[in-house]
Amino acid sequence: MPSLKDLKNRIESVKSTRKITKAMQMVAAAKLRRAQESAEASRPYAERFNAVMAGLAASVGGSDSAPKLLRGTGSDDVHLLVVMTAERGLCGGFNANIAKLARAKADELRGKGKTVKVLTVGKKGRDALKRDFADLFVGHIDLSEVKRLGYSNAQDIAKDVLSRFDGGEFDVATIFYSKFVNVVTQIPTAQQVIPASFEDEATGDDSGAVFDYEPSEEAILADLLPKGVATAIFSALLENGASEQGARMSAMDNATRNAGEMIDKLTIQFNRSRQAVITNELIEIISGAEAL
Amino acid sequence: MANTMQFDLVSPERSLASLEATAVQIPGADGDMTAMPDHAPTITTLRPGILKVEAPAGASEYLVTGGFAQINGDGLSVLAEKAIPVAEVTRSHLDDLIADARASHEAAKAGDDQSVVDDAAKLLADMEALGTHMSL
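Chains as they are written, first to last, in my numbering: chain R, 1 to 292; chain V, 1001 to 1136.
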């Protein structure tokens, strides 16, 4: 049975924990709004880009002269997994879910006898995968110093990936990130970026129009494909940013509620003990008086 | 015939402009071109340069680098990797761009593909000309 003083201390400590989680939740809510805004602002670019690329890829894709980024290297023996996670923890299952998906994919590929390489973006993913795949790591990109994600961050990652591809280090690249649905739902997603695959979005408004290309279709495609990789990574980074804040917000909301429940429980226990002490004292006084 | 067309300028980070325009001058990879309503459907890549927009509401200019423009009969979308309204461009923006161009020129010189070196040299010259043009 803890003493009254112990109980009081515990209540105080849980109260300050609740203050911290509450503050974290509010910070995450503010950041989430900003992250969501930038994710939405980037959407028109990505959509149009993919629509044009899908059209181009469909018309050039079949030929042998198609760029390697679209056609692939002709084999799929070496896979590069780009695992994008957060730099910070305390955001529920966010990092763990992405790591889990990446781990499952890596195991599956290795089971088929493929070579797997892992490039991590964000500290938490690296920590989560270090135990199983430390020997597969080929690089790490640190975004902890980045205050606000910009397109240039995505370009840096894309540059790294593309230079490895040009160097013949891998055949297929897949990015892992979390798609933001709403505050309580984030879906860990794997998306193949090299060789590029475009969903069939070409059936948009301009279907039927025959375009002139300046310079040639091939030249445009060769110019745009690397940008496509950067665009895909940029959208993934932004989705990830929003997902992270959303996950943190709901995790901290839960933590705050749990702390509240714990305080209630401890307060009841405290009051009961205090009542017991008072009753005890009364009994002692009364029985002392009766003995006289 | 329509006098105006829908003009959109988007960069990865945000959408910069969406308005009705009468003519837009695009710095295409193969040379400048001006798109007007009912232009033949065209897709062209961009070289770094100034995009000039003429609209009933007034003219505006943007510094754009990289990306492409898609023209179809009733509209024009420009997707630029970087786009800045000319009024907001400062010398330091330009210095960054020139530094980038110079770095890629140096990198190209290290290789042995002459056409890459030429392209990079042209980019560098373009950038420097841009600075003079804007009198920064």
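No lab work stands behind these hints, which were simulated from the structure alone. It cannot be assumed that every hint is accurate.
As the list claims (entries may be wrong) - Straight line, CA to CA, 30 Å or less: simulated DSSO-like cross-link-like pairs of lysine-lysine:
#1 K1122(V) to K68(R)
#2 K22(R) to K265(R)
#3 K31(R) to K1122(V)
#4 K19(R) to K8(R)
#5 K105(R) to K179(R)
#6 K68(R) to K114(R)
#7 K1109(V) to K105(R)
#8 K159(R) to K147(R)
#9 K1082(V) to K147(R)
#10 K1109(V) to K179(R)
#11 K112(R) to K100(R)
#12 K1082(V) to K123(R)
#13 K31(R) to K5(R)
#14 K159(R) to K1082(V)
#15 K1052(V) to K1122(V)
#16 K114(R) to K130(R)
#17 K1122(V) to K159(R)
#18 K1052(V) to K68(R)
#19 K1109(V) to K159(R)
#20 K5(R) to K68(R)
Each hint, compared with the structure:
no., hint, verdict
1, K1122(V) to K68(R), "holds, 26 Å"
2, K22(R) to K265(R), "holds, 19 Å"
3, K31(R) to K1122(V), "violated, 42 Å"
4, K19(R) to K8(R), "holds, 17 Å"
5, K105(R) to K179(R), "holds, 17 Å"
6, K68(R) to K114(R), "holds, 20 Å"
7, K1109(V) to K105(R), "violated, 41 Å"
8, K159(R) to K147(R), "holds, 21 Å"
9, K1082(V) to K147(R), "holds, 19 Å"
10, K1109(V) to K179(R), "violated, 42 Å"
11, K112(R) to K100(R), "holds, 19 Å"
12, K1082(V) to K123(R), "holds, 29 Å"
13, K31(R) to K5(R), "violated, 39 Å"
14, K159(R) to K1082(V), "holds, 16 Å"
15, K1052(V) to K1122(V), "holds, 21 Å"
16, K114(R) to K130(R), "holds, 20 Å"
17, K1122(V) to K159(R), "holds, 22 Å"
18, K1052(V) to K68(R), "violated, 35 Å"
19, K1109(V) to K159(R), "holds, 19 Å"
20, K5(R) to K68(R), "violated, 71 Å"
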